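Enquirer: For reference, the chains in residue letters:
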Amino acid sequence: MQELAEITSDPNAFERFYREHVEAVQQFVARRVDDPYLAADLTADVFVAVIESASSYRRSRGEPVAWLFGIARNVVAGERRRKAKELRRDARIRGRELVDEDDLAALQERIDGESAARELYRDVIRLPASERAVLELVALDGLSVGEAGRALGIGAGAARVRLHRARRRLRSRLDLLDLDRSDLPEVTT
Amino acid sequence: MSNFEERLLRELQSLVVAQPVDRRQRRSLWRGPRLVLAGGLAAVLAAAVSAGVFFLSAGTQAAYAVTKNADGTVTVEIDSISDAAGLQAKLQAAGVNAVVQYLPAGKACKQPWFTPAGAGAVGGMHESEVWRTSDGSTRFTISGDLPSSTTLVITTQTGPGGARALGIAWAQGDVPPCEVVDAPAGSGPLGGPPADGGAQSGQG
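Chains as they are written, first to last, in this note's numbering: chain A, 1310 to 1498; chain B, 6 to 209.
Chain B on its own, in the form it takes in the complex (with noise of 0.2 Å):
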């Protein structure tokens, strides 16, 4: 094989490496969320750099980590739609502002809900990423000196096919409480357009 693909090769199997063993472990116990990326909300959050809006299926075991890595960063992992305070609370010990808002099927929070953040005023965001993990969950990592007036926004509504997305967004200051209200025919999580269009499957 030629050096690209040998060297393509090492990079690979780091990946497949650095898979922890306990992920392995639960994969085997339960069937991991199915999640879906969908593309087209991107220009709504235009200005929330690397946030996205993630189909995750219902009924899935609560489950959540957050982690402080050696590296000042903080990568967040959502297996599934539930206990928000927990998660809310686990970020901020962890040094991140975060409101987390789950809301039941057909909810929403009444728009404008707080102000998205400029790609400029989220700095080290620039390196975060958002990758749908091989069993299905979502995880992310936070970059650790966000200035402190950013609030990451985690938010739901129901999708196409009951699928319940998860919405990722950041917000400029505080973020106010949500005002639930019924969500508006064709709307996205985060007030925008429906979040299947476009939608790219992954594969799964």
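Here chain A stands alone, though its shape is the one from the complex (with noise of 0.2 Å):
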């Protein structure tokens, strides 16, 4: 496995990382927000977090993709509590100033192909923080429960227990998404 701290000085080793995590980082990102401007943005947010944050990666706290959807996950749910736009102009790359016209296209297409995701999204985060958090990892980002217990920081145990809550909460919407079945697997830690 790449050494994530590499990642951190070794401008190669990030490509290889970026390179790799880029389409799930959008993807991730498109689930949650409409906006390609947003999306442009928070992608970069999610990067610079990386950056920020690999030399502190350990192995116990999960593989890579599931310590970085847990970091994706706290640069929007961050973006979700911002105050309109106070803290924006703080942001060390502006995503949407990379964005040509082509990119707005293919921006909004990846989010266009997300709706679904997104609406499940929408009713996801009325749900409990503790139960939403497993919810979104497993049934929208396609991580495994332990996984998603490893992303933040809970055991498979408590990640299941909030999992069967969320989706018996959730389950009249699941089911006309018919994502009952097919995207919130039993449990295999």
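For the record, the hints were derived by calculation from the structure and aren't laboratory data. Fair warning: there could be bad hints in the mix.
[Said to hold, decoys possible] Facing chain B, from chain A, some residues (calculated, C-beta under 7 Å):
1. Pro1320
2. Ala1353
3. Phe1356
4. Leu1407
5. Ile1463
What you are looking at is a predicted structure, and each value in this text was computed from that prediction instead of being measured. Note that CB positions come from ideal geometry on N, CA and C, so glycine has one too.
With the hints as a guide, dock the two chains, each given alone in a separate frame, to form the complex.
Expert: Here you go:
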């Protein structure tokens, strides 16, 4: 496995990591926001946070993708908490300034492709925070329950309980989206 | 990859390259303090643009750096809460009116301590930024053309779990001497509400 600490100081190591994960990060963001410029900003924010945090990554905290999605969750949640635009000017890289017309079409296409997931996300964000976090990572982002638990710093058992409760609350909604069986697998860790 | 992805990669790589060698060496010697950005204080510091409260863990080595940049700005980096007088002197030598007041655990400066500078009065502070660096220290850059009536105030309190909070604010006019009192229960470092409410944990 690539040493994540390297990506904080080695541009080539960072590039490998980036190329491997940039699509997943963009899809993660597109499942949560419908503004392509904001999606570009958040994608940049996630990778800036990765650079700032990679030196403290520990294998015990999960596979890199679980760790990455944990960071992405914090970044998107931070955006929701952010008041209007007051902190956006502090962003180290303004993703939206890197977007041209072709990019805009691609970003919009990705966002359109994730509309069903985003609809689910809007229901999910109304769940209690602890349950929401597990369900998001499993149902929207495809992590296993064990990986979701590691991304959130909780045990697999606790993650399983929270997922069960979240599924119960959302059952009617998930039935509509036909996600209950296919996207909420029985727990394996 | 799309143009956006390629451009973003180049921008991000510049951040990777921009990390000075000496910081990487220092990181290998000791675990830097963990910092948490507290969002709950934003309302208290509404007039203090780009100010904030940052938690550093206790017990780290004394370290700070004040760098005057070619463009006239001044970059301040604080690695641990110690040697307030030294940091204050460095800031003043760099042309920044500053008061650095680190307090023992459980203590605070009696409120009101100083008059917060309004956003309009601070002018170039809009360009200031406060960052948590990859090894957990706090870094911010100050505009080089601050009004002489503006004073940078850096202070502390003990936060949740014994972590010490580094508070950064801007005062209008002189800052009177701090009258050290017992920290009122539930107060923030600058006399506001608790800084732990709504805290946003950094990764790391």
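Enquirer: Please verify that hint: Pro1320/A, Cβ, nearest Cβ of chain B, below 7 Å or not.
Expert: Hint on Pro1320/A: holds, closest Cβ of chain B at ~4 Å, below 7 Å.
Enquirer: Minimum Cβ distance from Phe1356/A to chain B below 7 Å?
Expert: At 5 Å from the nearest chain B Cβ, Phe1356/A passes the 7 Å test, so the hint holds.
Enquirer: May I ask you to test the interface hint for Leu1407/A with respect to chain B, counting a Cβ-Cβ separation under 7 Å as satisfied?
Expert: 4 Å, holds
Enquirer: Going by Cβ atoms only, is Ile1463/A closer than 7 Å to chain B?
Expert: 14 Å, violated
Enquirer: Should the interface hint for Ala1353/A be scored as holding, given a Cβ-Cβ cut-off of 7 Å against chain B?
Expert: 6 Å, holds
This entry does not satisfy hint 5, going by the numbered hints stated previously; all others are met.
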